[in-house]
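> Spelled out from the first residue to the last, the chains are:
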Amino acid sequence: MFTINNDRSKFPELDDAGNALIDLTSHKYLKLWQGPQHPGVTGNMSLELTVTGDEIVESKTHVGYLHRGFEKLMERRTFIQCFPTCIRLCVAEPDPNEYLLSSCVEELAGIEVPETAQWLRMLALEMARLQVLLRQVPGQAGTFALGLGYQWGNYIRDLILDRFEELTGGRVYHMYILPGGVRGLLPNGFKNRLEENLKLVDEFLPNVWDLIYTNSVFKKRAKGLAVIPKEWIDQYGIYGPAARAAGIMRDVRKTHPYLFYSEIDFEPFTTDESDVFARSLVRWHDLKMTVDIIRQILAKMPEKGDIKAPTPNVMHWKIPKGETYVKCESSRGEYGMYLVTDGSDKPRRVNLKGPSYTHATSVLEKLLVNANIADTAAIMVSLATCPPEIER
Amino acid sequence: MKKDFDKDALSDMYKDKFLAPENEIRFVNAPDGSIIEVNPLDDYFCQERPKELKPRKGVVEKFLNWARAESLWVLGFGTGCGSIEIPPLSTPRFDMYRFGVQMRATPRQSNVFIISGYLSVKTLKRAIRSYEQMPSPKYIIALGSCTINGGMYWDSYNTINRLDHYLPVDVYIAGCMPRPEALLAGFGKLKELIKEGKAEKANEYIQNLDWYKANQKKIIKDWNMPDYNW
Amino acid sequence: MSLKDVLTPFTAWKRIAKEPVTVIDPFNDRPGADRYRGFHQNDVEKCIGCGTCEAICENEAIDMVPFKDPISGDSGLRPSLDYGRCCWCALCVDVCTTNSLKLSNEYTWITTDPEDFRFTPGVDKKSWDENDKGWVKPEPNYEFYNTQRVEMEHLHPEERVDSFIEMVKGYSHEQALAEADRCVECGICIATCPAHMGIPEYIKAIRNEDLEEGLRILYETNPLPEICGRICTHKCETVCSIGYKGDPLSIRWLKRYIADQVPSERYQSILNTNDINNNGKRIAIIGSGPAGLSAAHYLALMGYQCTIFEQYEKAGGMMRYGIPEYRLPYDQIDKDIDYILSLGVEIKYNTRVGRDITLDQLSQDFDAVFSGTGLHLGRSTGIEGSDNEHVYYSTDLLRQITEGKDIEVAEHIVVIGGGNVAMDITRSLARMQKVKYGKVNIIATSLEKEENMPADREEVVESREEGAVLMPGWAPQRIEIQHGRPTGLHVVKCNSLFDDTGRFNPQCDMEVKNFFEGSMIVQSIGQGMDLSYVDEKWMEGLSFGPRGRVKTNEYFQTDLEWFFMGGDIIEGPDVIHGIANGHKAAIGIDRYLQNLKD
Amino acid sequence: MKQLVEIIQNHFPINDIDLRKKSLAFISIHQNQAIPLLEWLKTTHGYTAFVLLTAVDWIEENRFQLTYLISNPENFTELGVRVFIDREKAEMVSAHHLWKSIWVYQRELKEMFGINFPDSPRVNESFILEGWDTIPPYRRDFDTKQYSEETYFPRPGRSTNDPAKHMKSKLYPKD
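Residue numbers (the numbering used here), protein chains in the order written: chain A, 1 to 392; chain B, 1 to 230; chain C, 1 to 598; chain D, 1 to 175.
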């Protein structure tokens, strides 16, 4: 009865101004919802896709499934109470949240953090990056149904979580970096055990390279997919590995060295291809670099020392009126916190800005146009979208 | 166990909230030029009340329970923080497959729903739909403080405080968040319950459907779907 | 696409020979790490129920529930956890003032009933109670509040030993803020303070730099803040919760800071006592010590016309005549008293009830009488030689020093007694020795051993700093008299003071003897009361309790309805009890007179 | 930063200058001048990257503070531009023509603060919340705890005691 029209060249139909003209009551378009269930790599988020055939003509991002109102909740908590609260902003990599809150508070209150504590903070941040990348690097191949690397990576990640458990007392929510310092020195024998795990990562890196980056299927699907032009970087707000894949050096550790990153020797990898493959490649190099940075930190950090600067009584710690913006490099890119205080013992306003805020909304919506339905997951993962960061 | 329930309050609650545009009746042009009427509420949903799953007699029920217990298929819908501990479970270190537990991508194939932490109102709506689409017998495992009494987000305007007002929960696991080992122990407990024939919360949900629906509709402001999603 | 790209992924097969990494028994093989933040444990014996854990919990997961009856320094409450709220951040552990709370490394708790997740650690038995691993507060130098108190600056011993200038300098603005910041606002101290002062509130006022509010809070329960801020026995500090991990809060010095900072001329406008309606009733108060002044203050605020009868020429009682000037300068006493007088209180000086006017007369002229006559009579050791004219009572000497009388200061002095008064007279005489002879040569001996001496620790230390020799643990036996003048004190070693039943019964070792040389002996082993002013007719109406004290009801009303008694003769002896008694008696007098009217 | 602020001062009336650190400064400017200032900074001073836009509710002063944080990727400096707008008539000119990402922020502010940005794309679509029918949640006068208690059935059966009050009631109830 129906004749199927295979010629999709005229879809979407454009109006005179060049905007897509989508008439859902015609048979040409279909609305398809992807999400909010998530397959494990990203959080809950849904995409409202308008498709023709298996090609996407329009995409709208819907978030809010994980909205807890952190910024509101923190306004009614004292600064020390904000500390366990704010870290739950991002589940996969909670440590940058801890660090940002602490350093915002320290900056506004004028507190100098002891040297040992700063090194320990760096270690925690890098270990967090390591465990995220161990999921993310093979996870990219997972979106093309190559799940083996994901199995390997998750095992090593779990060992890193064991180290976190030893160091911080928590597996996923570490609650380690608090305003004024950190919550513990390295346990006995920690360095050796961590080194054992790093050796596994060393072994993992070439294995996953052989498995994924030389893989003809992965190459075929990822290369040339979702290319981000250079001009978009500032225009859309693209950070971290995604920017570096476009040949633009964006790494807060290099541009605004915080903690003791200026004493560490590292050079983030950049490439020009700017497609899914390139972004994944940048992450692979990041993983390699992170292992190297952790080794340098372990070699350079002092064994003993103060872990916390004396602070006023945290039960009623008032911070002078002021505002500041502090940022750090998360595995997804520049991660910043804007804190406004009004002289009381609670923050006036906290605003957290992660790369996903732009990556998953304006960038993703734009990149998905003309992509295939089967590639949406790959594009999402390549941008490292983390919905809790968007809606907070 | 029948829950106390005010019938008058219900009729107020059941007043139609607005329907989402995509659920309104619409007309679609077929390629051959004919016009087709689409009524999503009739076409996509079933309007019938759900039925309880009555246990069989004696050994048959025992055998069924054994089979159910040893094959728990979990819906891959991570609702909150706790979902971060699902990947370790499904990878070699903890390997939940050896306990007969595995992840499924759609509700139609699953019979265990892990509510892994807080539920925002927006997610609750999806969780209810997913739960109702799951075939009986079905079970809910609730993870962490958030599902018990609000947890971290006890004063948040957007997350529910106690899950048992909206969905029936078989097993609770304490922690924020519970570790994979605790989760495996939770599956162990659920298996025990199923084998003893005590995991009957899904039937309780159907018995008290009106009470649950009233609670759900109280907080889900735009209830733009039919009451039953199966 | 090269062939290599097709083939290399197959190298993954090389891992097929690897050892599996699966945890065989995940329920038993994987205990939490040593620092793991698992389920809570609480040492209920160590815990004092201060509720700081409840205050810091951002999830309101902790409730304070009754565990036993409260006692001074222990609220009797214990934290109860709601695991429907907890997020295992362990801030409660880190802030715990007594280090009683910790987390075990156990983490599995599964149930079908969500109501199960509430328990009181340490009270409700749990499987992890004996678990000795898990999160404890990190050490060292990891504190949520400063455990060290801000040091109070004193005059250097060399500077102070030859003068009666006040030796404690008082906090500066910054010091007071820093010290007030240490308070965790638990409020355990309030119950221990006899006057139940609102300690956390006035410390909060210091933090908020609102000293006027602070002064108002002080005057709610204590009309002598300058005096109390200097010489209070600060029982509150002995129970202070933050004292468990370091120094207790300097509550006394902070009180003094508030009173010192507000000038006396602003008191009336701050405390809003410019116009008090006089209700026409008249109250007589015997003695202008702390109890009398406190009663007069609160009665005056209620509109009563108060008249104080004072036997000496200045008001203040023991505060003026019993405490040396270097601890409590006279102008500070005057500041507090002048404010009370500004409320319309009248003092008749040099008027001793019983000598210049009778109690009987007062009972007729006034609607009610309050007596706070204190303990003024020195108590004698009763040993051989104690009736010599060069053997003194400390109370008499201290009064004479205050009055500026010329008193005998010998080159070698022995003081008998280990209390605060003994230290006062020791240090006063030391100063006078220093002036007169250029050196200090004074021995203070007490029955009690060093660790049991009733004097405040700082008094003991400061006495030593000023050159006095303290010899605790000796029982006086006999005063050696030669040519009508003492030459020294014979003592024997005292081993214990109380027998098993707790009765006072000193046990001495007669073999261990000692001799303290001194041509002047001061007895300072306690004071007695003098009730000679009570006419016989009224004496019969009073009943007496243990230790010869007059029996009163909770409002310090004696069996004679119009006659109220308080202060050292009833409770104490110390200033704060006197103030508390005076306040309570003022309420009692008001109730009594109100009822009379109805 | 100091240099830049001086240059801006020569062109725009700014006040409340806060040189927070070497690479970060905050300035305030009148509502009407803000978007021209941003455009000027973007085109002539290399502030081509947009970091964030957020609002602070100063309810005591009856106004909202909007903070536009922009950054210069060449010299790695950031500049926060504060704009104060009336709380009763919360409306601001949209800046979506300057950066492609800014409409998302404006859409969020509309929903969470109730600050309108006319002409901003999709500004009236709900973003995070679904079916929200009371005052926007990020406003200070919205009490999240009260709302939560009224809406989400907190589990009953808990009670607590204040140590000081408990001791008073047990030890000296009559004072």
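In case anyone wonders, no lab produced these hints; they're calculated from the structure. A couple of the hints might just be wrong.
Below, simulated DSS-like cross-link-like pairs (lysine-lysine); rule was C-alpha separation at most 30 Å, straight line [as the list claims (entries may be wrong)]:
(1) A:Lys223 x A:Lys254
(2) A:Lys223 x D:Lys145
(3) C:Lys204 x A:Lys318
(4) D:Lys145 x A:Lys346
(5) C:Lys235 x C:Lys204
Computed from a predicted model, the values in this text were never measured in an experiment.
> To test your reading of the hints: which numbers does this structure violate?
Going through the list in order, the structure violates hint 2 alone and respects the others.
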